[in-house]
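Visitor: Chain by chain, the residues:
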Amino acid sequence: MFDLISSILKYIFTLIIYLFIFGVIRLIYLDIKSMNFKKSENEGYPYLKLINQRENLDFKIEETYMLKNHISVGRGNNNDIVIKDPFVSGKHAEINVVDNNFVLRDLNSKNGTFLNGEILQEGFAYLKDGDKIKFGLIDFLFVDYKA
Amino acid sequence: MLRLLNYKHPVNLLVAVDIIAFGLLCYHNSSKAFDWKTLLAGVIISVLFCITYLIIVKKGMGDEYLFLIVAMLSSLGFIMIYRLDNEAGFRQFIWLLLGISLFFLSYFAFIKIKTWSKFIYFYIGASFLLYILTLVLGTDIGGSKNWIIVGGFRFQPSEIIKVLFILFLACYFKDPDSLRFPLNKPKFLNTRLGRSLFLMAAVYMNVAFLFLQGEWGTVLLFLLVFLAEVYVFDKGKVLMLVNSAAIIICAAAGYFLVYHIKVRFDIWLNPWADISGKGYQIAQSLFAIAAGGFFGTGIGSGRPDLIPAVNTDFIFSAISEEMGIFGGMAVILLFFILAYRGFKIVMKVEDKFNKALALGIAVQIGIQTFIIIGGVTKLVPLTGITLPFISYGGSSLVTSFILLGLLQALSSGKAQRSGGVDKLDRE
Chain G
0 MFDLISSILK
10 YIFTLIIYLF
20 IFGVIRLIYL
30 DIKSMNFKKS
40 ENEGYPYLKL
50 INQRENLDFK
60 IEETYMLKNH
70 ISVGRGNNND
80 IVIKDPFVSG
90 KHAEINVVDN
100 NFVLRDLNSK
110 NGTFLNGEIL
120 QEGFAYLKDG
130 DKIKFGLIDF
140 LFVDYKA
Chain P
0 MLRLLNYKHP
10 VNLLVAVDII
20 AFGLLCYHNS
30 SKAFDWKTLL
40 AGVIISVLFC
50 ITYLIIVKKG
60 MGDEYLFLIV
70 AMLSSLGFIM
80 IYRLDNEAGF
90 RQFIWLLLGI
100 SLFFLSYFAF
110 IKIKTWSKFI
120 YFYIGASFLL
130 YILTLVLGTD
140 IGGSKNWIIV
150 GGFRFQPSEI
160 IKVLFILFLA
170 CYFKDPDSLR
180 FPLNKPKFLN
190 TRLGRSLFLM
200 AAVYMNVAFL
210 FLQGEWGTVL
220 LFLLVFLAEV
230 YVFDKGKVLM
240 LVNSAAIIIC
250 AAAGYFLVYH
260 IKVRFDIWLN
270 PWADISGKGY
280 QIAQSLFAIA
290 AGGFFGTGIG
300 SGRPDLIPAV
310 NTDFIFSAIS
320 EEMGIFGGMA
330 VILLFFILAY
340 RGFKIVMKVE
350 DKFNKALALG
360 IAVQIGIQTF
370 IIIGGVTKLV
380 PLTGITLPFI
390 SYGGSSLVTS
400 FILLGLLQAL
410 SSGKAQRSGG
420 VDKLDRE
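Chains as they are written, first to last, in numbering that gives the first Met the number 0: chain G, 0 to 146; chain P, 0 to 426.
Here chain P stands alone, though its shape is the one from the complex:
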């Protein structure tokens, strides 16, 4: 038995975590004796992770640690969601199945289709179409008008746009010329300056639309990912400085002009001033983290249900309460090594499009984690955004798995845009 729990085989430990947690939850959720459904969910999910991991290892699908880390993260999230709300847990289970299938789908699609870097206008167009659809058809859920409901099936278009945005940036940094102004008339528009202006226009249009939807977290995420890409791939310093200045000015203006942003800032500085009103969320989150102590209250013994939005934005507080500070640090550590693996892939891949894409994915997962974990622990002002792979929510989970599939494809080395395409371009 103990031989199976050897650290040399992390996948066994993953299964052990799932079995322990779901075995415990069997007794927790029902007042009746034993809840077979819960155990079944735990077993199915462990088997699914094992099979996926084995496929990745046996078929040589590139980096085998990426999925292992993500499987642990989604297990922890799934355990917590199941413990908080049985029905949400069941829906999350369906989303996980869909997420893993889309992981494989995006892996194969990225390898099979060789022309991903040619569709820059499609990525911009599709993003803007989705934004406009959201504005027209959008439904208000939880304060932000950012949901589309189609026949009982609802999703958040901004999550899909996260993928499109990274693809768009990767296209631009592979070949800035791909973002050409169609006419030749005003000459300066086809210089390097003109293209930079176009890039900025496209990025800030994205930001403006998200601003209209009230998605502050995603605004921050897009701007930081954009800055990171510019910092790494743009040779001059001007674009970087101009954008940093623009972002700081926008943030300052936002603080004075937009009520929401000012409130967020004030809560961050002092949540105790209005603890029963605006500061309630963050105060509850801090109480929960404090209640956990080092090892937590134990799964099922705490009261994380007192935190508002605990399934989505505040899942980290719930994990910290029931699994303790050590559990919370484990989550952060896992994200660390995930981002680190991402950077290693960035250094390994050759093609510039692949490099920019891998960097975008790694940075996006890292920054998204920082924004929300920093937010709920009151390190930075809180902005509502999901914790990748852990939070409840179909769109977010599925998008994260699509990004993971792309990263997996990049790491496998089978997705090299074989110099041939480049050569054809030059001729």
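Pulled out of the complex, with its shape left as it was, chain G reads as follows:
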């Protein structure tokens, strides 16, 4: 009886150990990825920084997104920033550069785009350093060192 249980459990045991190793390596990978970004961050472009704990999200998302020119946000794969969150619309929002200013525009998304906790009323807004942007459940921080 003991031998039977033991030989069944050994597969589960091995599986759990490898899941553990996979989990640790995943965390280390996320850790290194965020470290690499800080090094390449030399151009001084503004960027979006993820506020949520990336470990808790079920979908793939980057820690930071550089903003060089036009950028679209949404659930569809043809967006520049793809967020597979069910609360994000297929084409959710976009960020444009107008005369060196960054403009956040909502593309009639179902759940709306929030800037500093308030829904975008006129559908667009100028961004400044430290602004909090929310698409669906995901929060980003807009960082612009030049300002």
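There's no promise every hint is true.
To be verified - Here are the simulated lysine-lysine pairs, BS3-like style, with alpha carbons at most 30 Å apart:
#, chain 1, residue 1, chain 2, residue 2
1, P, Lys58, P, Lys113
2, G, Lys32, G, Lys127
3, G, Lys48, P, Lys413
4, G, Lys48, P, Lys113
5, G, Lys48, P, Lys347
6, G, Lys133, P, Lys57
7, G, Lys59, P, Lys343
8, G, Lys59, G, Lys131
9, P, Lys113, G, Lys131
10, G, Lys131, P, Lys7
11, G, Lys59, G, Lys90
12, G, Lys48, P, Lys343
As the list claims (entries may be wrong) - Simulated restraints on C-beta separations:
#, chain 1, residue 1, chain 2, residue 2, range
13, G, Ser6, P, Asn85, 18 to 26 Å
14, P, Lys113, G, Asn51, 46 to 54 Å
15, P, Ile43, G, Asp30, 24 to 32 Å
Calculated directly from the structure, the hints in this document are not laboratory data.
No experiment lies behind these values; they were computed from the predicted model shown.
Cβ atoms here follow ideal geometry from the backbone N, Cα and C, with glycine treated the same way.
Fit chain P to the given chain G structure using the hints.
Guide: This is chain P only, laid out in the frame that chain G set:
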């Protein structure tokens, strides 16, 4: 239930491993119905690991993966030792408690005391004192005269010297001038060459003492750690080449002059020649690993007790037999990511003393693992040394946890020898 076993929370998986293994062992060790003591040991150890991990994460004590990896390794070791020998398992439990307390102690001591790099002579002196004490008071256990017994409490001084040796090397590579000859008389002794000679003298004295005690594994470990540090921190190539040559010559001389080393080599080349005598250990180890297959016989179903010294040197063979090749590879993988984390910390810390210390610790854990796992799988000649965090043995476990505490302190960034100290020195 399955949500708890998500790979995104490795600490849950750690607890699951402990619970499964100890739940199984409850039925194994006693012929009676159910062994509550075993389950209790498993629960206490899981809770202890969880609490320690949470403290490290919540208090921001630096790298949180180091302890997670080590907790898994020591769990696997503890499970195996408990399965092999109930009483040894209980003692290992006490050592684990002591090890974790010393982990925190060395963490805080390293951060609080800012002058660790000033005591180079203390590290050398303490090492040599311990060697001499071992030679005078030492007791012979298992072929090597390397134990000191004080009032029923026994320990292996060479394990403590492992910490002192790394600290000593780190001091030297921070500032070679700290190893000054006290007199100014023979001028050449105070040049760069003279200091290198002093360094080599100190290292080879260590090696000579260990040689007298018959600790071949530790000799190899110290020399390789020394070479690694020289390779990384010494700018010229001369010291590296000279030492490599010296080590190769010593090894060759040892092979022809020292009976023990020759025997080890011959067994390595062909253990089947004298399978009932000198080759018995390694042959049993190979049989055990082979018996395990891919997934092992299952915990408690194999016969690892046939291997000599299975608790200490050959624990890897026991793990391979009962948890299979996959279990063995998991252990090696865990050591890989542990050493890798160590190297990452080396790159991150600023101060040279901290860098050299972190490198010493990472390299020592890595090489020690290589020497013993390579030994029991007949990849390299077998030399008796413990597998860090896994093998049974108080001195070894406690030393490993002290080293881990130092590495944790280095990773936290709170231990920077704030440029201030350096500036004062230059003025």
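Visitor: For this structure, which hints from the list above don't hold up?
Guide: Violated: hints 4, 9 and 14.
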